[in-house]
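Asks: Sequence:
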Amino acid sequence: MAGDLDKRLKITTRNHLVLHYHTLILMMIGIFCMHTIFNFEKDIVIIFLIFWALDIIPVFFLHYDYWHTNKGEEYEVLFDRLVRRKEGKREEILGSDIEKIIIWKSASIDKGGIPFLGIESYYCVDVYLRAGNHFTLTCLLSPKIDLEIQKLKNIPIKRIKWLFNPVKTKTS
104 MAGDLDKRLK ITTRNHLVLH YHTLILMMIG IFCMHTIFNF EKDIVIIFLI
154 FWALDIIPVF FLHYDYWHTN KGEEYEVLFD RLVRRKEGKR EEILGSDIEK
204 IIIWKSASID KGGIPFLGIE SYYCVDVYLR AGNHFTLTCL LSPKIDLEIQ
254 KLKNIPIKRI KWLFNPVKTK TS
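Here the working numbering runs 103 ahead of the position in the sequence shown, where the first position is 1.
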């Protein structure tokens, strides 16, 4: 049973932090450069803060959007079904009930890519059911949600490369 709990996809502190490691590294590099090259000149600090704000404000929007979308949900991805738990209810979605899956992901975080903007780390997966409804799994559930969802077999998966991936404004 404990092994089964480890396979569940859910929002964790670790998943929150994994999304921001590159932003912290770039910020430390920027502070280091401001100190060593520019000696914290006022104009340089202001320019740095403006660029940093332009990067981080959309990140706050996406983070809230993704958190609100999957808050209180847990998923298990098996080869033939998707198990969804929300508010104490367990729902099994068979692979035969899934029409298609769309992965919305920036090209810069593909194999070996380096994201330069915070928003490039955020991506999500839309699961469309044959009944006409759909739901979204975000990278807050797992930093590799695209690989997790590919465990489902015999379901068409479409990959759309897009830089800014808010949950509520996408169309397939």
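It is worth saying that the hints were derived from the structure and are not from the lab. Worth double-checking, as some hints may not be accurate.
[Said to hold, decoys possible] Here are the simulated lysine-lysine pairs, DSSO-like style, with alpha carbons at most 27 Å apart:
id, residue 1, residue 2
1, K247, K145
2, K174, K145
3, K192, K264
4, K203, K145
5, K174, K254
6, K264, K203
7, K214, K203
8, K113, K214
Asks: Where does the structure disagree with the numbered hints, that is, which hint numbers, in rising order?
Replies: 1, 2, 3 and 4
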